[in-house]
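A.B. asks: The primary structure of each chain is shown beneath.
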Amino acid sequence: MRKMRKGITALVLVVVMGISMLAGCGSNEEDNTGSTEISNDQTPNQETQSGDTAEEQVTLNFMGWGNDSEVATFQAMIDAYEEKYPNVSVEYTVVPDGDFDTKMQNMIAAGEQPDAFYCGIDNVMKYAATGNLYDLSSYVENNDLFDVDNVWENAINIYRYNGSSLGDGPLYALPKDVSAFSVVYNKDLFDAAGITPPTEENPWDWNDYLEAAQKLTDGDVYGTAMYSMESAVWSNGANWLDDSLANVAFTDPKFVEAFQFVADLRCKYHVAPSSSEETSLSSYDRFMQGKLGMMGVGSWAQADLWNNCDFEWDLMDWPVSPGTGEKAVWFGSAGLAVSPESEHLQEACDLIAFLAFNEEAQRTSYTTGMSVPTLKDMAYGEYTEMDKAPANKKAFLNVLEDYGRLATQSRTFNQEWWSEFNSGVEAVYNGEMTAQEYCDSMVESVQALLNKSVEQQEALK
Amino acid sequence: MPAMVQFVCFFLLPLCLCIFASMTDWNVLVKNKNFIGLGNFVELFGDSKFWIAARNTIYMLLPIPFYMVFGLLFALACHKEIKGNKVFRILYYLPYVSSIVALVLLWKWLFNSEFGLVNQALGLLGIEGPNWLGDPVWTKRMIVIMIAWKMIGITSIYFLAALKNVPSTYYEAATIDGAGAFMRFFKITMPMITPITFYLFCINIIGSLQTFIEVDLFTTDGGRNYGVATVIYYIWQKAFNYSQMGYACAAAVVFGLMILLVTLLQFKLSNKWVYEGD
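Sequences listed follow chains A and B, in order.
For the first sequence, position 301 matches number 301 in my numbering, and the numbering has no gaps at all.
For the second sequence, position 76 matches number 76 in my numbering, and the numbering has no gaps at all.
The shape of chain B in the complex, shown without the other chains (with noise of 0.2 Å):
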């Protein structure tokens, strides 16, 4: 029941609200609202912010298949007894709880051009380094290494739990038939990791899609030419400083009909490479 309610409140209730928003110029300051059928959308695939937005909320899902493979690496690493595993696993996961905020100050001294440690050791390599956060296409890049950065931590931890529940007669048993650590790993571990790796792969694809912070954080505006935008930042702006909800609202139906496309395409393939246990 408690269940119920909070599905109708925060989820059913707000999306109806959202759909029905979608079609108005609703502009949140005053009361009424006109209905205009379906003018926002018309509007909005017609906007050449929307699609730059969207063309660098795709960008991205760069990081993802970097940091889920880093991630298992790590997993299958602290999986070892070693002394001192316990300390590294709270070290992977630091950067995941770390305020954004703080985060990103630390980036904008790592990343400065002129002064920041990344340009300084670039520099000793005699590589000129990139103006990071002047170019929206290196404020981008820096934005994907971070995300990776912070996702490897966690990753690494939904993966770790994965490995615990491998059961070890599975592993013994194949070591008496003389299979190798390698063969081990692809025959066993791999498939029964595939359920968390599907799992992984479905929230970092809509965690990414939904990049927003870091855009509000690291740029005015949206950068050079709102060359580093998201769509999400694109729907923020429209509805809370250009004082446009309605149409704001009709731009996350579109987007959230995006992810649930790409969502129940994942499953549809899903049936080919997850194993779901006997």
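Extracted from the complex, chain A is given alone in its bound form (with noise of 0.2 Å):
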């Protein structure tokens, strides 16, 4: 008998502990309901400070994530806008990047989306689709905040959506930041190999930039980092997917050559680290140190640079393929949007725009170095003139003035199919596998996932 309890007992405890991670599909609906009760608190209080004041009194909620210098700059012009606009206050709620999406999710599964919140340009069409996105085209339009030809047109672009593919349509989400990618160089390390860099209207190609790197390349310091293959790839004039982003288009001859020219700079010039050497030193720390000639950095990474560099350093425009002389690079932005659920969506389309283009806050943030400001104006003028590293400023702002694109893979549904494509370009980095037999054996099980991309947004239409 004992033996029988002991053993009902254990089988009970075994199975629930092995099917604890089915209760986490459905278990996150009752997470919310906390959130629930906690917001139907406020709503009842809302209504009878507004029954007696002609102005309502409005508490709007705000979910973003960010380090915690970002949490700060954005603290304060939260309390800048409450000041503005006494009858609002802001419930500001941050959630590490890596959790924002999930939470995101579960909170429109459970009816309970915050009136505002950040939304990464990955996710804008799966949001946009699903009808999660408020279309804020009249409110850009008729606003006092901001005029939206001062912002680059590039940024505001990315945020349409017209049913079936981003950049253009009714506009979902406003521009938090904007961050070019460009190239970065050692100058010491370049006039030390006797390399004059490259200007704006004489561009490298390919072959100058791999001869640079062979000049820099000298013992333990290395030429360049592994090359963005976005650059490469478009600017060969060749694309991971056709025009119509349904089929897969990386077995063109253009894309094949652009794959190699990047592997070549490693598995068979070796002026890029080895994978190994990678992972154990990242290039980025590697160019930090003086070790490394040149690499694709990012406008949020000017800060590290002044900072930890005691070495001098400047920017170039990409070099172009020699078949198509093309500069070609994505730029990359997180987005600020507005629930359509949302109870006070003017209060709250308010708050992004205040949030986006707050000019002191885009002056905070180029001088400390976080990112190039969102308006085009102060761009030129005062960022550009700005007395710090790097000299060539516009190498950044040419990326969003001009060749920057969105990246092919935040232009689908979902991102299955390039995560499955670069699941294995390692081989070809490393020499094991061509650019062609890699690309060859890829086609099947990439354009499945991608067929499958396509079917969930046909689903929602």
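Among the clues, some could well be false.
[Said to hold, decoys possible] Just the calculated beta-carbon pair ranges, DEER-fashion:
#, chain 1, residue 1, chain 2, residue 2, range
1, A, 441, B, 34, 30 to 40 Å
2, B, 62, A, 162, 44 to 54 Å
3, B, 101, A, 191, 52 to 62 Å
4, A, 70, B, 265, 28 to 38 Å
5, B, 101, A, 80, 45 to 55 Å
6, B, 65, A, 437, 35 to 45 Å
7, A, 458, B, 125, 55 to 65 Å
8, A, 308, B, 9, 50 to 60 Å
9, A, 144, B, 4, 27 to 37 Å
10, B, 101, A, 437, 34 to 44 Å
11, B, 101, A, 70, 15 to 25 Å
12, A, 441, B, 125, 37 to 47 Å
13, B, 87, A, 431, 31 to 41 Å
Hints in this document: simulated from the structure, not taken from any laboratory.
Ideal Cβ placement from N, Cα and C applies to all residues, glycine included.
Combine the two chains into a complex, taking the hints into account.
C.D. replies: Written out as structure tokens, the structure is:
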């Protein structure tokens, strides 16, 4: 008897533990009932206050991610916003960026999304297509907080979605920031090797870049980090997907050629650190230690470069493909969006516009080296004139104004095909396979996942 | 009564929801879900990534015998009244209660292929250390070593508790009958601690099958060629990165059933070796 009872207890225990991860799927809803109660408490509160004052007292929930300095900047901006609009108070929640999307999805499933929130560019299509982003088009036309023509057109347009693709149509988010990706080089190493950096009008092509990298590579100093695949592929007139974004296109000889160029930097010419060297000390850290000549760098890294480099550095535009002479690279951004379920749409829109384009905050952001301004007049004016490296700040601005593009994987409903394509690229970088062999081997599996993404998107129409 | 509420809210209800969702194309972001029957299951069984993940998950079972044996040895060492063994007990327990994020950071340093202590030590022995963090085969091995290291302490605490519960009269009687230390260990200690051993096997197998966080922290996208991803990692990616909650639920149901099967099998076998008292 005792034996049996023990057995049953143990069995129940084990089953509960075993399926506790199933519970994970559903228990989010339990989690969120907690927050439902909280916000239900607030609603009657707001109503009683709105009853007896002319100006309605409003509470907005705002959710974001960010490191300490970003949170501090945002808290300061929110304080300024509350001062400007005394009837609005903002509840600011910070969630670690790795958990943000999971949390957001749970909140949406529970009908408890915040009024305003960050929205990473990869997720814009997903959230817009499922009706979880408020259409800001008419607000942007008729607002008195900013002039949309003074914002990088590229950065605005990536948040437009017309129901099938990004780039045009109604506007669903405002750029919280823009990040340009350019090439940084170690001036001291360039001088020592007798290399003259290229100019904007006369950019290097891949051969010039390779030649420079070969001159720079010496002992434990490498010429270059792994080259941006986007830059190489696009510059060569190819892409991962065709224009419809429904078919893979990476077996195109132009794609393969660009891919092989990138891989050869490591596996043929040995001017970039090997894969195991890269995992033990990233190219970025190598560069910071003065052991690497050139690498792609984002505008967010300026602060680090200012504070931690004991050598001179500057930027150059991305080299061009010898075939086309076209410059290309991606640029990034994170957006601020409003939930269509918000009961205070006007206030929420004002909040995100204020946060996105507040001049004081933009100034803080570029003077601390976190990013380049989202406002064009400020970028070309005070930012360009700022007395700090890089001398060639225009290299960042060229990306935003001119040749930067939205990454291909951000333009599809989900990014699983992209992870699949990248899951084995190391084999090519290490010279175990040629780019041609790799691309041929990946067509089927990547296309299958892309079909899935298209199917998911279609199902929502 | 509260136990019942808890059981329904956190177990029965989510379980039913999950089984229901597994037959829909639910994507979390929209309210309506379409019923698609067993479509998710058919797709799941045809997905090579799921099977890669399943193989990797089974790999995570490897450290269990290792840390069970060492856990027992540590417990035996601690069981003796030696000065300072309380300190050791606390030290054993430390890895288990440390934050996993901190541990992963630490291990990334230890196993750094150029500068890590492990490869430096191997270098002194004339062995060229592998690229632990870059090569999925070695990353998996590293995770297994980490799990073993982390679990030895907690296992030994369980064993120690079991050892303390063996009545000393048994040993005294055996000694009088002339049993030596080995006899005492194999004829008294071992049978007396079989219930806890069984319990540890059950929860450790389930725990190992649920390995997730190490994969998430040591790799991006499950490592090269998905070589480190486990089933739970696969489910999580599908649910939250690729908006296929229905499909993820189907995978969770299949995986839950697999765990249930393994556990039932263990209970069936337990009659043969677990001593349950008179």
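A.B. asks: Mind listing which of the numbered hints don't hold for this structure, in increasing order?
C.D. replies: 3, 4, 5, 9, 13
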